[in-house]
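Asker: Protein chains in written order, with the numbering used here: chain A, 68 to 319; chain B, 201 to 453.
Each hint can be trusted.
Short, incomplete list of chain B residues facing chain A, as computed with Cβ under 10 Å:
#1 Phe321
#2 Lys428
#3 Val451
Straight line, CA to CA, 25 Å or less: simulated DMTMM-like cross-link-like pairs of lysine to aspartate or glutamate:
#4 Lys283(A) <-> Asp209(B)
#5 Lys236(B) <-> Asp259(A)
#6 Lys184(A) <-> Glu421(B)
#7 Lys263(B) <-> Asp259(A)
#8 Lys184(A) <-> Asp408(B)
#9 Lys420(B) <-> Asp353(B)
#10 Lys282(A) <-> Asp209(B)
#11 Lys429(B) <-> Asp259(A)
#12 Lys184(A) <-> Asp353(B)
#13 Lys329(B) <-> Asp259(A)
#14 Lys429(B) <-> Glu381(B)
#15 Lys255(B) <-> Asp259(A)
#16 Lys184(A) <-> Asp368(B)
#17 Lys74(A) <-> Asp368(B)
#18 Lys230(A) <-> Asp285(A)
#19 Lys362(B) <-> Asp175(A)
#20 Lys329(B) <-> Glu381(B)
#21 Lys377(B) <-> Asp408(B)
#22 Lys369(B) <-> Asp175(A)
#23 Lys236(B) <-> Asp175(A)
#24 Lys130(A) <-> Asp368(B)
#25 Lys236(B) <-> Glu308(A)
#26 Lys174(A) <-> Asp368(B)
For the record, the hints were derived by calculation from the structure and aren't laboratory data. Note that the Cβ used here is the ideal one computed from N, Cα and C, for glycine as well.
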Amino acid sequence: MVFNMDKLLFNWASIFYTLTFIWALLKSNKYCYLFYFIAIFLNLFSVIICLYHSIPLVPIFQKSRFIPLIYSLVCLLFLKHKHKNVSLSYISSVSCFLSLLFCFFPKDFYLPFLQTKTIFAFLFFICEIIGVSFYLLCGVLSLQRLVSKNAIFEQSIINNQIKWGIFFQTISMFSGEIWSYLNSGSPVVLQDASVFSCITIWFYFIGFLHLYLLKKIDLHQKDFIILGGMIIIFIFFIYPETGPFTIPGFLP
Amino acid sequence: MKNIKKLWDIMGNVYLSVYLIVGIVINGGILYFLIKNYPHLFAPINNIGLIEWAKTYGLSYMKYTCYFFLFLFFLLLFCINMFICTTQKIISIFRTSYKNKLSRLSPHIMHYAVILILLGFLINYLFSKTNTIILVPNIKRCVFNNICLSLQDLNIKYSHTKRLFFWDKRAISCNAKIKIEGFKNTIYKTIGINSPGIYKIYSFHLRDFSPKITSGMSSKEYVVLTVKKDYGIFFYLLGTFMFIFGLLIYVIG
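Chain A on its own, in the form it takes in the complex:
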């Protein structure tokens, strides 16, 4: 019953994420922000219920609830502090896509396990999602810059988001390393494929920050490279969190 409530709230949140996207396309800023806040609020409640029934364990298999929420919060923080050029339709399109994806293709429910009962497991879990949310934001900014064909954002703005993404992902990886050491005595558990998904995403964006060494790369090429990063994130981070197609329920 309680887990249904959590799922139900998430399904409703996905409806409001979709409405935000539609209203943003219609350029009605007043309503789209209202819908966005309602969606975030519902998503937040579903996450709180999820955490309430897991703590002190970490709901490590319920990442799909957290990804749209943390991405949206990161975007709101960015919108508050940075540019008015950023279009909410681009930002909300990713929230909408993620929430609908996890709504129609939910992962099977697995119980959290006792080994997650440590702060390092929580940091590993949450910091990875924050890091990837920053990368997704960069993808949105690059896409908007490519579509509008004007350099409406300076590269330094995108680079700063990538730096924060790398910062949080690194904290996540090191927390995972310490967690793994405390649990098994090895800093890397090689039978877990997610180790290599972290490495692949981390090195990709580390590589991006080193592109200045190749002086021939222009802004458009950099945008395409970031969009390539979005494909990598989809394959190694988002797709593993999906399950078989399910028609979502919206009533208790």
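Go by the hints and put chain B onto chain A.
Answerer: Positioned in the frame of chain A, the structure of chain B alone reads:
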């Protein structure tokens, strides 16, 4: 001497760094799918070490494991390249008088930290020794020929809260008091899940225990321990702290 200088320049080429990163990304992606589909081929590395694994699983399943060897080769080249590039940059930073030297040094601190971390991992997989044993109360078991362990006390707490209804009557924490003989003095360590006992380069990790559920048929008390003799821990812990220090300066500065 000329050849060494030429090799130094080739290995420290900045273009090589970018190509190696691309190689690591592609190889990491392939390994993700291989480990997802064949975890049993890669899991033994943690227990038997890299050399034994390479001689057995590595050679027997070369079709799949070759990507792991390639990954190690890329990492080795990457470390050499990073060491040369970073050393050259640091020399030039110290030769020039910059106002904010620490901020300029931050990426290079991270580069050296990555080398230390990877060195720590390599030492761990090459030289560390691992032993897994089952302990039942008051029966002594020995590992590495000279360290004898016995389970003195087992304290398991079970969850009874409605909040964790799916965890009802299941163990939520476990503390095992272990007597360790074989060092100069006999020592006692209380260990739990994610809370190992550490003594010098030895660490004692609680991997499993019983009974886990209060209801149903009662099972006997036992704990499964992993005893690890790890020489690499100092390197990767030092590297980790160095990296975080460098990263903080880089992001904030």
